[in-house]
Amino acid sequence: MFKVVVGLITGLLFGLGMNVSQMVNPYKVLNFLDVSGNWDASLAFVIGGALLVFVPFYHFLIKPRSHAVNGEPIQCSTLKTISPKLIIGSIIFGIGWGMVGICPGPAVASLLRGEAAIYWFLLSMLLGHYLSKRLFSRA
Amino acid sequence: MTEFSPGSALIGGMLLGLSVSLLMLLSGRTGGISGILGGIFGASKSEWPWRVAFIAAMAGSLLFNPLFGLSEAPLPNYSLGWLLAGGFAVGVGTQLANGCTSGHGICGIGRFSLRSIVATMVFMLSAALVVWLAGGAYV
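For the protein sequence lines, the chains are A and B, in the order given. Here numbering that gives the first Met the number 0 is used: position 19 in the first sequence is 18, and no number is missing along the way. Here numbering that gives the first Met the number 0 is used: position 77 in the second sequence is 76, and no number is missing along the way.
For the record, the hints were derived by calculation from the structure and aren't laboratory data. Wrong hints could be hidden among the right ones.
[Stated by the list, open to error] Just some of the chain A residues that point at chain B, by a computed CB distance under 7 angstroms:
no. : residue
1   : L11
2   : G36
3   : I46
4   : Y57
5   : F59
6   : P63
7   : P83
8   : G104
9   : L134
[What the hints assert, rightly or not] Taking lysine to aspartate or glutamate pairs in the DMTMM-like style, the calculated list, with each CA pair at most 25 angstroms apart, reads:
no. : chain 1 : residue 1 : chain 2 : residue 2
10  : B       : K44       : A       : E71
11  : A       : K62       : B       : E2
12  : A       : K132      : B       : E71
Even glycine gets a Cβ: it sits at the ideal position worked out from N, Cα and C.
Okay, chain A solo, but in the shape it has when bound:
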């Protein structure tokens, strides 16, 4: 139950962050990526703002703990190697992100807009995620 309440609160905060920062507007994202054109640097401030809070929070409050407040282990990736999979995956993600200006967060935060484009995006994204998991989970 505690975990569900945490999910609700943090999901709401995340969604508000997506809307307030305008990450949900694909034009904001595409213009951030359009460095040589109509560059809009706002998105750098979104990441900056997030790190401004998370960096001290993580290093002073989370990292020193052995477990989360609910008693479960803190699950962070323990992977260290810069693998070809990481690089290729990042390139492919970048291609999709640059094509549409939508990444997973803004897509979820836009679910209730009732726009068909968001549903097609999410459907296709989940299909891609599922298929690559099936194909490459052992790699």
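Given the coordinates of chain A, work out where chain B should sit on it, guided by the hints.
Quick look at chain B alone, frame taken from chain A:
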């Protein structure tokens, strides 16, 4: 064209930072949206409820927009094929790379993970290249 909006970007970003901080401190989970969404496939039963709560609350955050004087910006007029291809690439890429803008770009960079720093640089470059090749934000 979009207007440079450093103030709202910073505040929105700080909300994202607060969200992932609380999620990790209280429940021990990483606030990567591609992981939370994609992990629906093969997630254990105990992981389902909080993920659904998170996603529902995140989607519901849209309802608070009028309270902050926000309204949803129109989406670009994508062709269906472009949208599906972009979504598919986002799904495959984030699965292979183990993360997206929130997982790598906020949580990973915030933990000073070299993998996440590299992943974020690679997907930003690749996305910027696609926008450049496409000739801007299709406005």
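Check your understanding: Taking the closest Cβ pair, is A:G104 under 7 angstroms from chain B?
Key -> Since the shortest Cβ distance to chain B is 4 angstroms, the answer is holds.
Point to revise | Proposed interface contact between A:L11 and chain B, which counts if any beta carbon pair is under 7 angstroms | key: holds, 4 angstroms
Review point. Under the criterion of a CB-CB separation shorter than 7 angstroms, is A:I46 in contact with chain B as hinted?
Key: holds, 6 angstroms
Point to revise | Hinted contact A:L134 with chain B - closest CB pair below 7 angstroms | key: violated, 9 angstroms
Check your understanding: Is the hinted pair B:K44 and A:E71 satisfied, with a Cα-Cα distance of at most 25 angstroms?
Key -> holds, 16 angstroms
Review point. Taking only the CA atoms, is the gap from A:K132 to B:E71 under or equal to 25 angstroms?
Key: Since the Cα atoms of A:K132 and B:E71 sit roughly 33 angstroms apart, the hinted pair is violated (cutoff 25 angstroms).
Review point. Does A:P63 pass the interface hint, meaning its C-beta sits closer than 7 angstroms to a C-beta of chain B?
Key: violated, 11 angstroms
Point to revise | Restraint check, 7 angstroms cut-off on beta carbons, for A:Y57 near chain B | key: holds, 5 angstroms
**Study point:** Hint check: 7 angstroms Cβ-Cβ cutoff, A:P83 to chain B
**Key:** Where the cut-off is 7 angstroms and the nearest Cβ of chain B is about 10 angstroms from A:P83, the hint is violated.
Review point. Does the nearest C-beta of chain B fall within a distance shorter than 7 angstroms of the C-beta of A:G36?
Key: Interface hint status for A:G36: holds (5 angstroms vs cutoff 7 angstroms).
Review point. Taking 25 angstroms as the top limit, are the C-alpha atoms of A:K62 and B:E2 close enough?
Key: violated, 38 angstroms
Exercise for review: For the hint on A:F59, just tell me whether its beta-carbon gets within less than 7 angstroms of chain B.
Suggested key: Interface hint status for A:F59: violated (11 angstroms vs cutoff 7 angstroms).
Figure legend: structure checked against the earlier numbered hints; hints not met, in rising order: 5, 6, 7, 9, 11 and 12.
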